[in-house]
Amino acid sequence: MKKNVLRKVTDEIPTSSMADITFLLIVYFMVTTTFAATRGLDFALPKDDDTPPVIEKEESVLIEIQPSGEYVVDSRPMKLDEILDYLKPKLERNPLKPVIIRPDPNAPYGAMVDVFDELRQGAERGIEVKNISVPTQREIDAFWY
Amino acid sequence: MRLQAKYKQKPNIPTASMADIVFLLIIFFMVTLSFEVDKTQVALPQTQLRFEIPKKAAYVSITDGGQIRVSDGEEISVQVPGVEDVLSFAAGVIALDPHKEFVLKADKTVPYRSVDRVIDALKQAKVEVIYLLSEQERTDSSGA
Numbered sequence: 000m001k002k003n004v005l006r007k008v009t010d011e012i013p014t015s016s017m018a019d020i021t022f023l024l025i026v027y028f029m030v031t032t033t034f035a036a037t038r039g040l041d042f043a044l045p046k047d048d049d050t051p052p053v054i055e056k057e058e059s060v061l062i063e064i065q066p067s068g069e070y071v072v073d074s075r076p077m078k079l080d081e082i083l084d085y086l087k088p089k090l091e092r093n094p095l096k097p098v099i100i101r102p103d104p105n106a107p108y109g110a111m112v113d114v115f116d117e118l119r120q121g122a123e124r125g126i127e128v129k130n131i132s133v134p135t136q137r138e139i140d141a142f143w144y
Numbered sequence: 000m001r002l003q004a005k006y007k008q009k010p011n012i013p014t015a016s017m018a019d020i021v022f023l024l025i026i027f028f029m030v031t032l033s034f035e036v037d038k039t040q041v042a043l044p045q046t047q048l049r050f051e052i053p054k055k056a057a058y059v060s061i062t063d064g065g066q067i068r069v070s071d072g073e074e075i076s077v078q079v080p081g082v083e084d085v086l087s088f089a090a091g092v093i094a095l096d097p098h099k100e101f102v103l104k105a106d107k108t109v110p111y112r113s114v115d116r117v118i119d120a121l122k123q124a125k126v127e128v129i130y131l132l133s134e135q136e137r138t139d140s141s142g143a
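If you're matching them up, the sequences are chains A and B in order. For the first sequence, numbering that gives the first Met the number 0 gives the first residue as 0, with consecutive numbering after it. For the second sequence, numbering that gives the first Met the number 0 gives the first residue as 0, with consecutive numbering after it.
A portion of the hints provided could be inaccurate.
Stated by the list, open to error - Think about it this way: if two alpha-carbon atoms lie no more than 25 Å apart in a straight line, the pair counts; the simulated SDA-like pairs of lysine to any residue are:
{"#": "1", "chain 1": "B", "residue 1": "Lys125", "chain 2": "A", "residue 2": "Thr135"}
{"#": "2", "chain 1": "B", "residue 1": "Lys125", "chain 2": "B", "residue 2": "His98"}
{"#": "3", "chain 1": "B", "residue 1": "Lys122", "chain 2": "A", "residue 2": "Pro134"}
{"#": "4", "chain 1": "A", "residue 1": "Lys129", "chain 2": "B", "residue 2": "Lys99"}
{"#": "5", "chain 1": "B", "residue 1": "Lys9", "chain 2": "A", "residue 2": "Thr14"}
{"#": "6", "chain 1": "B", "residue 1": "Lys125", "chain 2": "A", "residue 2": "Pro97"}
{"#": "7", "chain 1": "B", "residue 1": "Lys99", "chain 2": "A", "residue 2": "Thr14"}
Don't read these hints as lab results, they were simulated from the structure.
Chain A extracted, bound-state conformation:
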């Protein structure tokens, strides 16, 4: 019996095609991966719907957005970069001063996001606007006086 001495098969796992398979998988995952725009501004809503939002018209700063996208702060037309400077002394007196953003129904959505972003950026400049509210039309109809 000298059978297995003559032809010895080396024991190995055939790995030559593994690279092909794995490259195929890589290409699949690369093609299907989307680095989509998955970032944005968070916009917290009041937690409890039973307590109506307190809109104190007299005490708060009202930022209105015109249909043209221009801003009117407390009945004064203002540019976007002037709003924080206007708010600064008011917030120093009362850090919890409510700021209400009220866009006109025909105002572009982008204008509202711009002013919201601007107010949120105030924290970096030491003008932190803690109390920003964007009441919806239904809330305005229900609670505005």
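Put chain B on the given structure of chain A with help from the hints.
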């Protein structure tokens, strides 16, 4: 001179570690893979502040034509006829997961009226957090 006759080495490329490298890449792409649930084309507003939106967040998109599409974050978005359907959709999502985040993907030129009604519907459905999807604004083009 018979130097090279004795000891001949076979030419080969060392491929043993290639599989390791390739598997590492596969794992990277598998982990970062997230299917885009909403492929609506909108001109997003630009903001300087942008926060990471959790994966699997539900989407509500509004195009400049006023069309509304919704997605629960798992399935591809579907168009809904009106804002009333956003309320019923959001209520259904919140019933399953009360802390579900919602992403509002609206075109920047959309009249605020549409956005207002969608936000109001989400509020009524007791959504806790909405993210306003945006693009990065460059600092040199600040102001509006």
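So, going through the hints one by one against the coordinates:
{"no.": "1", "hint": "B:Lys125 to A:Thr135", "result": "holds, 14 Å"}
{"no.": "2", "hint": "B:Lys125 to B:His98", "result": "holds, 9 Å"}
{"no.": "3", "hint": "B:Lys122 to A:Pro134", "result": "holds, 10 Å"}
{"no.": "4", "hint": "A:Lys129 to B:Lys99", "result": "holds, 24 Å"}
{"no.": "5", "hint": "B:Lys9 to A:Thr14", "result": "holds, 19 Å"}
{"no.": "6", "hint": "B:Lys125 to A:Pro97", "result": "holds, 22 Å"}
{"no.": "7", "hint": "B:Lys99 to A:Thr14", "result": "violated, 45 Å"}
Consistency note: the structure conflicts with earlier hint 7 alone.
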